[in-house]
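Number of protein chains: 2
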Amino acid sequence: MSQKISDSTIRRLSVYLRLLEDLEKAGTPTVSSEELARRGGTTAAQIRKDLSLFGSFGKRGLGYTVAELASRVRRILGLSGAWRVALVGAGRIGSALFAYPNLASRGFHIVVVVDNDPEKVGTQWGEVRIRPQEELEDAIRSEKVDMAIVAVPVEAGQSVVDRVVSAGVRGILNFAPTPLQVPRDVWIKDVNLVIEMEALSYALSQGGED
Amino acid sequence: MSQKISDSTIRRLSVYLRLLEDLEKAGTPTVSSEELARRGGTTAAQIRKDLSLFGSFGKRGLGYTVAELASRVRRILGLSGAWRVALVGAGRIGSALFAYPNLASRGFHIVVVVDNDPEKVGTQWGEVRIRPQEELEDAIRSEKVDMAIVAVPVEAGQSVVDRVVSAGVRGILNFAPTPLQVPRDVWIKDVNLVIEMEALSYALSQGGED
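As given, the protein sequences belong to chains A and B, one line each in that order.
Counted the way my numbering counts, the first sequence spans residues 1 to 210.
Counted the way my numbering counts, the second sequence spans residues 211 to 420.
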């Protein structure tokens, strides 16, 4: 891809996909960028600009064919197949993530769960048996895992990430509340509640609208 | 503030603050932008550019005084005082958030927890008693809550957000996996695991570095 696509564009595509799938479920055949914008709390110009980065969509005056646009956005986001995911850490956050609605229906299948608590190891979460932390690399390889969700305490974060990377994982969602280092060909996203709260704190202390 | 500060700048300030606090704990008196950049996985130019948006910091060739810069960043982020927070939803995600490390030490105090499950109402989480959902508005007012964390199922999201807004809350962290509408003078941040995973999916399907 010659043009660098920003992270916020990709997030917006995810939101458009949700709206399109709602329309699909409701049996709506076509939608205008204005109507999509209204539902998504954005502008028609923004939607047209985002989509134009990936080619030509829709027909002037006729809008988009819902099913076709949904399927193209799914393909852009790499959601046509299924992703195999390892969850490292079966604590409070890990169990909340495992039960997260829509993860599997979106194509993200948690096929490996590891934890270092002997009381948890061997217990069953749905169809997945919790394995001991030592089996992490073997499990990633034998289960052909593509992505990892890391939900371990901050002090374990870097070593867990090093291990999943060494086993071949190239996409990581990190809930350990600290930035972790990965090689350049590995993608990591940090979800940090405190950083989100601090952004709110900043916004509220400015005391105005944006 | 005349210049619009981007969300990513604010996130980076949060990361710099973490690095500065680590240095403070280690008793390091000064730090160069190069050293901060190395620790934060960014560039010295980026750090200088981010800080320059908020005034003049540090001395050429001498670097930054760690304690002073930390305290100024804290002030920029609105972290000099304490924020009072209501948690709506005491399920898996809610309880993981309540136990999240560093939230209170960063000045975010969860002083109200409500849930609609009669089995949970009345039980105690630390010093906080879980209240019934009906008491939400009263609790927000009597406890002088500034922010809310919404961790309810998607179908309850919008009505909960409407209620916290009507009770005077102007900053919301939303874990309900759907975008919610708020008035223009209210700030809302969505944390959506599926959207994060889709960004990873996009990155991995491009098959290259950025």
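The hints are simulated quantities; they were obtained by calculation from the structure and are not laboratory data.
Cβ coordinates follow ideal geometry from the N, Cα and C atoms, glycine included.
Don't take each hint at face value.
Label-pair distances were calculated between CB atoms; the ranges are [as the list claims (entries may be wrong)]: (1) A:Thr123 <-> B:Ala255: 27 to 37 Å; (2) B:Glu244 <-> A:Pro183: 14 to 24 Å; (3) B:Thr240 <-> A:Pro183: 40 to 50 Å; (4) A:Ser32 <-> B:Pro311: 44 to 54 Å; (5) B:Arg351 <-> A:Gly41: 19 to 29 Å; (6) B:Ala277 <-> A:Glu135: 36 to 46 Å; (7) A:Glu155 <-> B:Thr240: 24 to 34 Å.
Just a sample of chain B residues kept apart from chain A, beta carbon distances all over 10 Å, derived [unchecked claim]: (8) Arg221; (9) Ser266; (10) Gly332; (11) Glu345; (12) Gln368; (13) Arg380; (14) Met407; (15) Ala413.
Results for each hint:
1. A:Thr123 <-> B:Ala255: 27 to 37 Å: 50 Å, violated
2. B:Glu244 <-> A:Pro183: 14 to 24 Å: Distance hint for Glu244 (chain B), Pro183 (chain A) holds at roughly 22 Å.
3. B:Thr240 <-> A:Pro183: 40 to 50 Å: 31 Å, violated
4. A:Ser32 <-> B:Pro311: 44 to 54 Å: For Pro311 (chain B) against Ser32 (chain A), whose Cβ atoms are near 46 Å apart, the range 44 to 54 Å holds.
5. B:Arg351 <-> A:Gly41: 19 to 29 Å: 28 Å, holds
6. B:Ala277 <-> A:Glu135: 36 to 46 Å: 45 Å, holds
7. A:Glu155 <-> B:Thr240: 24 to 34 Å: 27 Å, holds
8. Arg221: 6 Å, violated
9. Ser266: 20 Å, holds
10. Gly332: Holds: least Cβ distance 21 Å, greater than 10 Å.
11. Glu345: Holds, since 23 Å exceeds 10 Å.
12. Gln368: 12 Å, holds
13. Arg380: 6 Å, violated
14. Met407: The claim is violated: Met407 (chain B) sits with its nearest Cβ about 5 Å from chain A, within 10 Å.
15. Ala413: 4 Å, violated
When each numbered hint is compared with the structure, violations occur for hints 1, 3, 8, 13, 14, 15.
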